[in-house]
Amino acid sequence: MIAQNIAIVDYGAGNLKSVKKAFDYLGAHVVVTSEPETVAAAHKIVLPGVGHFSALGALVNMGLREAVLRAARAGKPLLGICLGMQWLFEGSDEAPELAGAGIFAGRCRSFPSSVKSPHVGWNSLTLSAGSRLLHNVAPESFVYFTHSFQAPVVAATAAATEYGMPFSAVVEKDNIFGVQFHPEKSWNVGLLMLKNFCELNS
Amino acid sequence: MLTKRIIACLDMDGGRVVKGVQFVNLRDAGDPAECAAAHARDGADEIVLLDITATSDQRKTMLAVVSRTARTLFVPFTVGGGIRELSDAAEVFDAGADKIAINSAAVKNPTLIGKIAARFGSQAVVVAIDARRARNSSTKSSFEVFTAGGRTPTGRDAPQWAREAADSGAGEILLTSMDRDGTKSGFDCELTQRVADAVSIPVIASGGAGSPQHFIDVFRDGRADAALAASIFHFGLENIGQLKLQLRAANVPVRWPC
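Protein sequences appear in the order of chains A and B. Each position in the first sequence, counted from 1, maps to that position plus 26 in my numbering. Each position in the second sequence, counted from 1, maps to that position plus 11 in my numbering.
Keep in mind that the hints were calculated from the coordinates and are not lab data. Every residue gets a Cβ at the ideal spot worked out from N, C-alpha and C, and that includes glycine. One thing to keep in mind: the hints can contain errors.
Stated by the list, open to error - Dumping the calculated DSS-like pairs for lysine-lysine here, alpha-carbon to alpha-carbon at most 25 angstroms: (1) Lys221(A) x Lys199(A); (2) Lys47(A) x Lys221(A); (3) Lys126(B) x Lys43(A); (4) Lys43(A) x Lys221(A); (5) Lys142(A) x Lys126(B).
As the list claims (entries may be wrong) - Which bits of chain B does chain A cover? Going by a derived footprint, with three or more residues having C-beta under 8 angstroms, they are: (6) 102-108; (7) 121-135; (8) 207-219.
Kindly generate the complete structure, drawing on both the sequences and the hints.
Now the structure itself:
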């Protein structure tokens, strides 16, 4: 059993049931919360999210943006999933007026017109060495994506995926992690990453 | 490389998985939660559970089954049948579905698509379309949309309706050929290709799967993004892993090993 407390941040962007279910299955102690205080009290933070980048505006309105950033600055492990990962970058063309956290350089953009959008389905990962989140993940593992905007490949990219162009599938820098796909829907490979996150020392 | 998805479909009646031929003659094929888990272990990329005879008084049973099926299922899980309004969809998501499929209710009230998409995201909204070749003498074939489990003709053209659904906020189209359903004679590639060309969202081909070659055909000629089958998996005629190996040998990109 993992005694650490993980907060899944609920800012109203879609259904968090599947994310919670996966952590429950791994025996983690997780709580779904909209309270900045609960986020502040947690050992680790998961920022999920589906839909439009503008949905992240609710983070500011609900006082959650500051709580998440403060925890990240304090060295607590933070995992952004899908929209939550895009938020770790400077922003997105999907909602240019809304600032991301700016932890990673670059903006999220749409896919080139040579491919259908959204990008939906199982695609493979090209791994970089040394990722803690991807510990024991096999090269070219498949994970489940569903998104219309993509984050650029940067120095912190721990895994890239190709769809019309290479983009960041996993980013990792110190205590900050982001995955563009849905680990909670990516079978054993995804569960392994969530387990790795649970087992990080904060 | 983005792979072609193989989706296992569980048609449910009264809490049990059943399968019919051309929407009738139902046969019992097992417990939904057990079937879903077995398919996922076999390599199914996704599971769809359709309550094919949903009525409001069966809804509670369905939610309990959805919840039980979802608990340890870590691949995308779509649930359809009996979803008529936003609150129905919310209940199904709360029970553990990742996506909902709507059919008759979307035709009757296309704004429902956008309402569910606004709250849960387009990726969570699958519009299911049942279509049949129009039986007329014109030179070019056309495909008519049916609702109410294939019982009610709508007079609507399938590719046109698919485009409208996509414009309204649907994230995927689940396209069933009523002519091929349960026949194991192959997917309707012409229907699939017409709809795939009409929209930019993924199209899941359904109805008629009977052999690996049928999957190869619908991915190549039908331009399907995913293909769904029920009966060939249930009765042990084909294992999903074997199917994927054959697809890979034919240079169709699939998630394997998984």
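A quick look at each hint next to the structure:
This hinted pair checks out: Lys221(A) and Lys199(A) have alpha carbons roughly 18 angstroms apart, not beyond 25 angstroms. Simply put, Lys47(A) and Lys221(A) have alpha-carbon atoms about 13 angstroms apart, close enough for the 25 angstroms limit, and the pair holds. Annotation: proposed proximity of Lys126(B) to Lys43(A) holds, straight-line Cα distance about 20 angstroms (limit 25 angstroms). Of the supplied pair hints, the one linking Lys43(A) and Lys221(A) holds, its CA atoms being roughly 17 angstroms apart against a limit of 25 angstroms.
At most 25 angstroms may separate the alpha-carbon atoms for a hinted pair to count; Lys142(A) and Lys126(B) meet this at roughly 24 angstroms. Proximity of the segment 102-108 of chain B to chain A, defined as three or more residues with a beta carbon under 8 angstroms from a beta carbon of that chain, is established by the 3 residues found. By the rule of at least three residues with a Cβ nearer than 8 angstroms to a Cβ of chain A, the coverage given for the segment 121-135 of chain B holds, with 6 such residues. Interface restraint, the segment 207-219 of chain B with chain A: holds (3 residues with C-beta to C-beta distance below 8 angstroms; minimum three).
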